[in-house]
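Student: Numbering (this note's numbering), first residue to last: 15 to 183.
Source of the hints: derived by calculation from the structure; they are not laboratory data.
Cβ coordinates follow ideal geometry from the N, Cα and C atoms, glycine included.
Treat the hints with caution; some may be incorrect.
[Stated by the list, open to error] FRET-style restraints, in silico, Cβ to Cβ:
1. R169 - M141: 57 to 63 Å
2. L94 - G139: 38 to 44 Å
3. D84 - D58: 19 to 25 Å
4. G139 - Y83: 40 to 46 Å
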Amino acid sequence: GDFCDQLLGNRYGFVFYPHLFPSPMQGNGVEQGIIAALDRIAADIDMWDVVIIIRGGGATSELSCFDTYDLANNCAQFPLPIITGIGHQRDESVLDIVAHTRAKTPTAAAELLIHAMLEQSIFVGNMMQGIADAVARRMESEQQRVHSLLNRLDRKSTRLNSSHQVLSR
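Work out the full structure, taking the sequences as your base and the hints as a guide.
Tutor: This is the structure:
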């Protein structure tokens with residue numbers, strides 16, 4: 015809930031489309047549940063940009079389920095970036111180590127996404143401004159060129175009129 019609230023209520027108004035792929039996050043079935051969720055994500059991989067594996071606090075002893083080889087192997091080879099937000103700052107699992115990025119909490123994982131969107135928004139804004147500036151410079155240059163051509167045409171027209179008058183006389 016905190017993760018989704020953080021994303022949906024971000025102060026920049028960025029739109030996120032989170033989708034829950036449920037899995038047990040403690041006790042038996044964590045490894046199989048997360049791997050099954052990853053398989054469901056992989057089945058529609060073009061629909062997603064990133065995978066976030068989060069779990070609210072809890073006892074350190076409950077985090078050993080994130081230390082299995084098969085889970086680490088699946089996550090390390092997954093074609094999308096995986097961000098983890100499991101446990102607390104002091105806790106670190108094997109899954110955290112093999113993930114693309116580790117956030118200390120689910121809320122921090124959401125903030126990471128919001129910050130990434132902000133960076134991209136600034137980048138795109140700068141690129142748009144650069145394009146607008148380049149177009150404005152080009153328009154000014156072309157406008158000057160058109161004025162120069164019109165002046166030349168006007169001078170030639172004046173000479174042509176003068177020549178025409180001389181011929182008429």
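Student: Decide, hint by hint, whether the structure agrees.
Tutor: Against the structure, the hints come out as follows:
1. Here the CB-CB span from R169 to M141 is close to 42 Å, at odds with the stated 57 to 63 Å.
2. In this structure the hint that L94 and G139 lie 38 to 44 Å apart at CB is violated, the actual value being about 26 Å.
3. D84 and D58 have their C-beta atoms about 22 Å apart, which keeps the hinted 19 to 25 Å range intact.
4. About 44 Å separates the C-beta atoms of G139 and Y83, a value consistent with the hinted range of 40 to 46 Å.
This entry does not satisfy hints 1 and 2, going by the numbered hints stated previously.
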